[in-house]
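Engineer: Listed below are the residues making up each chain.
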Amino acid sequence: MLKYEIKKVFLKGRNKIALLLLAIVLLAVSVMTVNRVEYVDENGGHKTGIAAARNLREEKNKWAGYLTEDVLRDVYRENQAINSEYASGSMEDEDKIYQKRQGISSIIDLINNANSPWREYDYYAIDSITEDQAADVYEKRISGLEEWFASGKETFSREQQEFLLSQYKNLDTPFYYEYYDGWAALLQNISTFILLLALFIGFFVSGIFSDEFQTKADAVFFSTKLGRNKAVGSKLGAGFIIATAVYAAALIIYTAAVLLILGADGAGCPIQLEMWRDFYNATFLETYLLIVFGGYIGMLFAATAAMLVSALTRSTVTAIIAPFVVLCVFPFLSRIVTLPQVCSFFPDRLLDIYNGVRDFSLMQIGGKVIGIPAIIILVYTAVTLVLQPIVYRVYKKAEIK
Amino acid sequence: MELQLNDLTKKFGNFTAVDHVSLTMTNGVYGLLGVNGAGKTTLMRMLCTLIKPTSGNITYKGKNILELDGRYRQLLGYLPQEFGFYPEFTVQDYLLYIASIKGLRPAVAKRRTKELIQKVGLSKAAKKKMKTLSGGMKRRAGIAQAMLNDPRILILDEPTAGLDPNERIRFRNLISELSEERLVLLSTHIVSDIEYIANEIWLMKGGKIIRRGALDEIVGNMPETVWICRVEKQKVSFMINKYKVSNMKSEEDRAELRIVSADRPLPDAVQVKPTLEDAFLYYFGEKAGSEDVEI
Ligand SMILES: Nc1ncnc2c1ncn2[C@@H]1O[C@H](COP(=O)(O)OP(=O)(O)OP(=O)(O)O)[C@@H](O)[C@H]1O
Ligand SMILES: [Mg+2]
Chain A
3 MLKYEIKKVF LKGRNKIALL LLAIVLLAVS VMTVNRVEYV DENGGHKTGI
53 AAARNLREEK NKWAGYLTED VLRDVYRENQ AINSEYASGS MEDEDKIYQK
103 RQGISSIIDL INNANSPWRE YDYYAIDSIT EDQAADVYEK RISGLEEWFA
153 SGKETFSREQ QEFLLSQYKN LDTPFYYEYY DGWAALLQNI STFILLLALF
203 IGFFVSGIFS DEFQTKADAV FFSTKLGRNK AVGSKLGAGF IIATAVYAAA
253 LIIYTAAVLL ILGADGAGCP IQLEMWRDFY NATFLETYLL IVFGGYIGML
303 FAATAAMLVS ALTRSTVTAI IAPFVVLCVF PFLSRIVTLP QVCSFFPDRL
353 LDIYNGVRDF SLMQIGGKVI GIPAIIILVY TAVTLVLQPI VYRVYKKAEI
403 K
Chain B
8 MELQLNDLTK KFGNFTAVDH VSLTMTNGVY GLLGVNGAGK TTLMRMLCTL
58 IKPTSGNITY KGKNILELDG RYRQLLGYLP QEFGFYPEFT VQDYLLYIAS
108 IKGLRPAVAK RRTKELIQKV GLSKAAKKKM KTLSGGMKRR AGIAQAMLND
158 PRILILDEPT AGLDPNERIR FRNLISELSE ERLVLLSTHI VSDIEYIANE
208 IWLMKGGKII RRGALDEIVG NMPETVWICR VEKQKVSFMI NKYKVSNMKS
258 EEDRAELRIV SADRPLPDAV QVKPTLEDAF LYYFGEKAGS EDVEI
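Keeping their order, the protein sequence lines are chains A and B. Residue numbers are given in this note's numbering: position 224 of the first sequence equals residue 226, and the series is strictly consecutive. Residue numbers are given in this note's numbering: position 166 of the second sequence equals residue 173, and the series is strictly consecutive.
Note that these hints are calculated values from the structure, not bench results. Among these hints, one or two may not hold up.
[Unchecked claim] Residues from chain A that keep clear of chain B, each with C-beta distances beyond 12 Å, as calculated: (1) 13; (2) 17; (3) 50; (4) 90; (5) 157; (6) 231; (7) 248.
[As the list claims (entries may be wrong)] To give an idea of the chain B side of the interface with chain A (calculated C-beta under 7 Å), a few residues: (8) 55; (9) 81; (10) 91; (11) 95; (12) 108; (13) 112; (14) 130; (15) 245.
[Unchecked claim] Looking from chain A toward chain B, a few residues come up when the C-beta cut is under 8 Å (computed): (16) 222; (17) 230; (18) 270.
C-beta: ideal position from N, C-alpha, C; glycine also.
In isolation and in its complexed conformation, chain A is listed as follows (with noise of 0.2 Å):
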């Protein structure tokens, strides 16, 4: 039953066009996604691919290691070195300090990072601090927070002050640190996937229960034993097995493409190196997991939105629209009459966990502090699951006339 509910989606030509431009899709966001890493050679050629990453994965893991207060004052001084040989400040010496940084270039976004003014990022911080001001990353990571919070520039409550100095002070230093841009280039473009996958996803399961009147099958499959029970139970199961599927086989291609061919190195680095201020004390896999379980939860929310439309409208049409409403129409209409307390809500951050992680969104229930990604995985997970059993009762009762 089930294997024929699964079949019937992917026979549909319409379905099998979407599959080819899903796939098409797919390589076109894993080539821009491997063209963000680029490399500088010394001839000032500029490279991106297989080369590119090559090389600067090698520059850059000859300072693999724990970023302690030596190596910080190390990179320190490498700068110093490399600004002083190239001083003329003519392009082809800028040039060649931008060629000649690439191997340190992520402890010194690091050492800006640190030393810029809060939410703001100093390209050229490095170059006005002393030696002592960049090995003090860590301890001004925390003081930073504490200073903006003195400032009263920003809305939060003591309780979440508190949970987030808290979370800052928790977070281990010194770094781990090795190259990592492979994962950094994953995830800045893993959202826009995400919602083109949801997308998709919603286009292939919104026949499932809609087709039987389109087709006019549905006198025949109300009419069976199982009609009304089991085979809409399959139903269900289809529309889940078929986005789990897709969902799972798009996202590890994608991210085996990306990662073999930009190295998967940096997987146990703090995601830190790369969002500074994100309060999730977590390394840049367990952030990539958590940005695809997001996801995944909102892909799911919207395709049983589109079966729930397609049950209840017997319109397969609509039925495609609903994930378009839910993770397009609705968020952009509603940043228009902004609504920002509740925009941190809706399904479309799931699938952009990513910034989610990003911005200090929290949220307090009673005295306890939360980050909203975890709350809307949560929120999301329970009205999907709610869902279920109403898309069976809607299809089970179904009148045909």
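Use these hints to put chain B with the ligands onto chain A, whose structure you have.
Structural biologist: Coordinates of chain B with the ligands only, in the frame set by chain A:
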């Protein structure tokens, strides 16, 4: 086994499609005969639990079929008037899928599918996609799906509509072969479909069953008589307007008319034995030969 319709009524808004029908069915073939819009499909849909009666109910062995739910539908085979299917499925996959939602175990499903494909003469088309079949082949796939679970109750809504005469005869034979030891309800507005295979005929009009009984009873209890007479060609249209004419044969400059009428239409008219077709015309026909009457 007993299927009972108790004061069954279905309204769509103010319109009554099935009007207080009470009937009992046991084994055998029941022919439901009526013109377009008589309410045949609506009645059958209620029998298949596809729509709920506005009032009244249907019971099987004394229990409401809506409460029996799957246990009732398990006994059911249904070929809808507008037979829809999954266009991309092969005949074989289609039947295997329907078998699965009918709750057949996979081994049984395979065996039944194979048997029925052969029985309905689709062996060569088993691997063809449903959408590539001809109208007649689709109908045969339709009857095959209805038979998958060897149903005790077989409901066929105009199974011969749109078939050519050869196919129609083959289909009729197939149905009569399949009708042993079960309850078959077959609707049509084509008299010849059921004339010889139905044990009981129901005439339906305006949502009501206006006459029921065996062929002989229906035909025999007709209050009017059937006549055959010959008239000149130019008088034909006059006769058609005046009388219910169930058949007309052209001869050289004259025509032989078959007329249903209480009185002798012409002095030389000969009284003949009525057929179901004459009865159909009598009960449903307006004057001026209805197209529904199959010649
Ligand atoms: N879903 C519906 N909503 C409103 N009216 C309906 C509906 N279904 C059927 N009807 C009306 O009920 C009447 C009976 O329809 P039904 O389809 O049962 O007739 P039928 O005897 O099967 O006719 P046919 O020989 O054309 O198939 C018709 O007048 C039809 O317009
Ligand atoms: Mg009908």
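Engineer: Return the numbers of the hints above that this structure violates; sort them in rising order.
Structural biologist: 1, 2, 6, 13, 14, 15, 18
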